[in-house]
Every structure is written in C-alpha cells, then in structure tokens.
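Protein chains in written order, with the numbering used here: chain A, 1 to 437; chain B, 1 to 290.
One thing to keep in mind: the hints can contain errors.
In silico DSS-like pairs for lysine-lysine, Cα to Cα no more than 30 Å straight-line [to be verified]:
#1 B:211 with A:100
#2 B:153 with A:197
#3 A:288 with B:211
#4 A:288 with B:53
#5 A:202 with B:211
#6 A:264 with B:198
#7 B:198 with B:96
#8 A:301 with A:338
#9 B:2 with B:100
#10 A:197 with B:146
#11 B:146 with A:264
Computed list of chain A residues with no C-beta within reach of chain B, every gap over 10 Å [unchecked claim]:
#12 98
#13 105
#14 142
#15 146
#16 264
#17 309
#18 353
#19 356
#20 378
#21 398
Derived Cβ-Cβ restraints for the label pairs, each shown as a range [as the list claims (entries may be wrong)]:
#22 B:62 with A:73: 44 to 50 Å
#23 B:49 with A:139: 42 to 48 Å
#24 A:419 with B:277: 36 to 42 Å
#25 A:205 with B:126: 18 to 24 Å
Hints listed in this document are in silico derivations from the structure and should not be mistaken for laboratory results. It should be emphasised that the depicted structure is a prediction, and the values quoted were computed from it without experimental measurement. For each residue, glycine too, the CB sits at the ideal point set by N, CA and C.
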Amino acid sequence: MKKYLSIIMVGVLLLLTLTNCAPKEVPSDDTSKETTSQSASSSTASQDKEKTELVLWMPPFGTEDALDKSFWEDNLSDFATQNNVELTVEIVPWGNYEEKYLTGITSGSGPDVGYMYIEMISDFINMGAIEPLDSYITQEDRENYLYLDKGFIQGQQYTLPIIVGNARILVGNMDLLNDAGITEVPTTWDELIATGKILREKTPDIIPFAQPWGEPAIGALNSLYYPYLWQAGGEIFTDDASKLALDSPEALEATQFLYDLRFKHDIISENAMSYTNNDVIALLNDEKVALTVIDCTNAAKLGDQGINWDFVPFLTNKSGGTFVAADALIMTSNSDNKELAAKLMKTMTSGDIMTKFHHELAMFPPVAKDEEYNDHAEFKDMYANNAADLRTLPAVAGSFKAYDSLYKNLQLMMMGELSPEEALSYSVEYSENVLSN
Amino acid sequence: MKNQQKQALYGYLYIAPSLILISIFSLIPILMTLYFSFTDYNIIQAPTFTGLKNYIRMLGDPFVVSSMKNTFIFTLFVVPTQTILSMVIASVLAQKFQNKLGGFIKSSLFIPVISSTILVGTLWSFLLATDTGIINTFLALIGLDKVNWLGTKFTSLLSVCLVSIWKNVGYFLVIFYAGIMEIPKMLYESGQVDGANKYQQFWYITMPMLKPITFLVVTLGTIWSFQIFDLVYVMTGGGPGRSTITLVMTIYNTAFKEFSMGYASTISLLLLVFIVIISSIQKLLFKDNY
C-alpha cells in the first residue's frame, strides 16, 4: 500500500511541476508589488525585443505564386523592419478560396490581413470574422482613397478596396468585322443583332458572338448576364436583399435578349454551352471569334497575339452598364495586432507599392489619388468617363447559392430547357428560400 | 479472475486502439453531423437549434433533387460498366497475355489510377473541347459531326461517366487479375476435359470464383461513385444547368460557398443513408459468397 501511495504522490508532484501549479511562496505586500513591477518591466523589455507577427493572405496575380510572394515580401520588407514585424505572406490559390478562409479563420490559423472579393465579404461579416475599419481610417485616408464607398457595407467601413477595375468589355476582332463589311464594334443591342446577322451570313465559319456558358465558376455571370441586366435597367437584388430582383420587366427583357441571340438570331452558337473563358480566349487568339465580352486584362493581351482588336466598354439599351471587380483587403476580427494590421493595409495600398504592383504583377486602375494611372492606356478614357456605368456586385450575405441557382437556370434556358420567364421565376423563388434561411 | 473473463479482457484490450480511433474519427463526427443537421451553423459562430428546418428545406431543394438523380445515374452507369470491363480485361490478360506485353498493358491502364484527378479532369476537358479538342478534330477527319461533349445535358454526364470509368478501370483490373491468378488451374483443366469452351470456362469457373472479389469491387465502386466530386468539379462544375451536379458537390457548395454547415450536414446524412442502404443490399445479394 505504501508503495502505491508513494507512486501516487510522486505522480501528483510531477503533474503539478509540469503544469506550473506548484504552490508558490506568498510574498509580503511590498515585495509582491516589487516583484510584479519587475516582472512587468522585464516582460516589456522582452516584448520590445520580440517581433510582432502578422500574416497576410493574397491571391496570385503574377504568372506563378512565387512571383506574388516575393513581390509582397520585397515591397513590404521596409514596413516589417520599421515596425519590428515578422511578416508571413501566404499566396492562396483561387481554387477553394472561400474554403481556405473559412477553415483558416475557424482553426485560428487565418490571416491578420487578407484579400476578399465582394461575394464573400457579407457572409464573413455576418459570422463576425471581419473587423470594421472605421476607427483606423483617417480623414486624410478618406480624401486619398477613391473607392472607400465600395467597402462600406452594412453601415460600416469593412474593407479597403485594392483592386477596382478589370471591366468586362465588348471586344471585336476588327479584321474579321472588316471582312464582313463592318467597320465598328456595335454599341447597342440592336446593332449587335444586326452585326451578328451580317457575320453569320457573310462569314459562316466565324463565331459571331462567343459567350462562355460552359465556364464552371459562377463569376462567369459577370460577363454573361449582369451587364445586359444593367443595360436593361434592372438590378440583381431587391433593396432589402431578401431575394433576386429578377421578377421585373427589365430582367425579362435582358434574359429574353440573350435567349433570342441564341435561338432566334443564331448569333450565339450551340457550342457556347461548352465554352469556358479559356476556350473563348483561345478561339479569339485563333481568330475564330468576331465579338465577345471579356475582361480588360485578357483583352489587352490580344494585341500581343497579333489580333487587330477594338472595344466598346458596354452595349447600351435603356442605359449602359458593365461589371468591374471590386476586391478588397480585410482585417480579421481575431487579429491580435489590429493597429499594425491597419498600417499594413495602408502600406500595401500606398501609391508607391500600388505603382509597382501595377507594373510588375497586374495592370489595374489606381485605387487612390497618390498613384498615377498605370493600367493599359486603351482603358484610361473608359475609367475616367464611364465611372457611373461600371458596376460592382452588391454585397449580400448568402448570395452564392442565389447566383449559383441563377447561373444553372440560365444555362438550362440557353440549352432550350427553360423559357426566360421560367429561368427567372425559378431563380427568384429559390433565392427567396435561400436568403430567408 | 476466471480464465474466460481474462480472455475477454485481453480481447477488449486488443480491439481498444482500433475502437478508440474509429470512435474519434468516425463515430463522433457522424454523431456531430447528426447534431449539426438540426442547427444553423457556419463553423465560426455557435450553432443555433432549428429543429427540422434543414430537413424540410432539403425536400424541396432542386439542387439536392438534381444531384441525387445525377449521382444515381452516374453510379448505375459507372459501377456495372467498370466492373464488367475490368473483369473481362483481367481475364483476357490472364489467359492470353502473361508476358511482357501483358505487364505493359496493366501498367498503362494503371497510370490513370495514380494520376491526379484534377490533372485527369483538366486533360479530358481539353480533349473533349467542342471546337479545339482532339476528339472532335479526329471525328471531323473521319467525316463525322462535332459532338458538344460538355455542352449538353446528356453528353456532359456521359463524358464524366466515361472519364471516371477510364480512371478507375485499371485499379479494379489489378484486383480482378490477382483474383484470377488465385483460381486453381485444375478447375480449368477439369472444365477442358469436360469440353467447356473459353466462354463457358469464364461463365462457370472464373465468374463464380471471383464473386468475393466482385463484391469488393462493386462495393468500392459504388462508394466511390456516390462520393464523386473532384472530376466533376474540374470538368463541368456541375453544369451545364444542373446536369452533372452530384451530392458531394452540393454538400461542398453548401458548406464552403454558402457557409451553411448545418444544412450541409443534413445532406451528408442523406448521402450516408444511401451508402448504408446500398451497401446492405449488396451484402445481401452477395451474402453466400464473401
């Protein structure tokens, strides 16, 4: 028995030692204060020496992830040195982007500062995962940044826009258009129909108007559908964001227009149902497509492929309108160093670093007044003169399933299985159900 | 302690590690999924109890209905086809090609198995591209019309099924081949003496002897088919329309795009129920033979 007792005692002592719960000597009041003070000062000294850790998550914009990583590490090294920060830059691939954020934030291994696109942001705000930035934005910042309003969500400044641009524009291959006797890229819905018909008749081997209806990502709607909806005067969501606002005559007009391009005018071919964005770009480069809507970044590369191209920012019907990206930096709520995180966000969006970013990684318009225009020259007028018609998606929580349902129903319509009315009513009904959940 | 009790205690001790691991990694997650299915849960915030709301939503969800239908069609097409195909190829290889050529064929057919599904999906998407794909280019060369492989409801699901079979057949082939090599030669010799031709030998000797392996292949194939995700995700994203969306893809989208972990748990349980039912039916069908 004695043997067992002694083993238990040794075990308890060991446990107490390991968990640092061993009874301590209780000092007198004075000594207690002195000890606490000494310990605090030594702790401060040690903190002074220790570097603050900050984690930054960015998506890849360069041709390879390593390029992006080294870009941010190099350009933020001064910030890290000056602020005694150990900065970890992680490049998060676009595939499974939301999943990475969700699991990262949940497991406590998420970033202090991250890059999000508009469809994600409201959901993460509702989860309490994103910190409002109002208290970190000064009046000087407000005067400098151009698109702070796009980060004003649910009554607070939640994001700092870093990429606003890459508009979806209507591009034409001028050689192919000229072959059919057309000298300009169409500017209205009626002109597109007329041009398409001429192309179909005079150059039957050429795809008059290519649309990537086979693209798996719902972001395809940014070029496939929303521009026409806005051009018809419609909106995506109702004002209270309770459902898709597609039970409107404007939405029906836009949807019917696309349906007619496919089934009445035969301007969009049946093969469009299998085209991805990459297929359309490949076909453009092979000079098999006369007209399409693509993003500015890819449009600008057409010249490098020897394509004689021109563009209009968007078609007009009742009004103009096309999509622009509005991606932003966010600060996570569980960041331990919010002041420094805010400083990092401002440093990243400063004129110097943005200038380098737009020269070395990806060309986009400036997000603040302290940078010159460094995007492709062709688009300068568009960003200067058409700002009101360059639209972003509304930040609506739970919007993914609503967009997904809309995309699937529109695909079914373009396959001839649903009428425009059915595609819209099914989407609205589903969105109402999803958003109420 | 009696000898019998001692033996029982040792038995429990021996199975304890496996039992603990299974509990931690299977039973507890299943029970948690069951709990979450009755809640509104987004991982970050605490779950809130919502009763049968998720179950009611699931009944009328067109994505769940379409994905169930597609998953069943996929399974019904893929499992029998890949089972028969791998069994026949294994049988032919075992009988005719027990040489270097046979080894080469086996290795070639095994390459898709070890290849990344993402890579396979991407590769086949290029091959099946309507205007620029090699397959349609070949069809055009022999005077046939282009097929819109990934652009229609029927052909897109068919394409995904065929690519899945192409990827899996090598794996099941190796299992069948090993099984065939285990069949005693004297059975075939007796069959030959009795005048059985090759077809009869295959039907009356090879197939019955392979029933335990067939059970394994069918069960594995069924579970894999019910869990199909990555190939579809890469090749079609579930489209066009909802023509190729699968149950696991719906679970993934619900959990990680819609952030509705509670509802995703409900759909996961539906998948679990299907797999349990189908595995039980298969077990009953093969009950005397494994």
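Against the structure, the hints come out as follows:
1. B:211 with A:100: Given that 30 Å is the threshold and the Cα spacing comes to 44 Å, the pair is violated.
2. B:153 with A:197: Distance of about 28 Å is within 30 Å: holds.
3. A:288 with B:211: 54 Å, violated
4. A:288 with B:53: At roughly 51 Å apart (the allowed maximum being 30 Å), residue 53 of chain B and residue 288 of chain A break the hint.
5. A:202 with B:211: 63 Å, violated
6. A:264 with B:198: 58 Å, violated
7. B:198 with B:96: Between residue 198 of chain B and residue 96 of chain B the Cα gap is close to 11 Å, so the pair holds against 30 Å.
8. A:301 with A:338: 39 Å, violated
9. B:2 with B:100: 60 Å, violated
10. A:197 with B:146: With Cα atoms ~23 Å apart, residue 197 of chain A and residue 146 of chain B stay inside 30 Å; holds.
11. B:146 with A:264: Holds, at roughly 22 Å.
12. 98: 6 Å, violated
13. 105: 6 Å, violated
14. 142: Given a closest Cβ separation of 30 Å, the condition holds.
15. 146: At roughly 30 Å from the nearest Cβ of chain B, residue 146 of chain A sits farther out than 10 Å, so the non-interface label holds.
16. 264: The claim stands: residue 264 of chain A keeps its Cβ more than 10 Å from every Cβ of chain B (closest is about 19 Å).
17. 309: Residue 309 of chain A is indeed farther than 10 Å from all Cβ atoms of chain B, at 20 Å.
18. 353: 31 Å, holds
19. 356: Per Cβ check, residue 356 of chain A is outside 10 Å of chain B; nearest 33 Å; holds.
20. 378: 27 Å, holds
21. 398: 6 Å, violated
22. B:62 with A:73: 44 to 50 Å: 46 Å, holds
23. B:49 with A:139: 42 to 48 Å: 46 Å, holds
24. A:419 with B:277: 36 to 42 Å: 38 Å, holds
25. A:205 with B:126: 18 to 24 Å: 22 Å, holds
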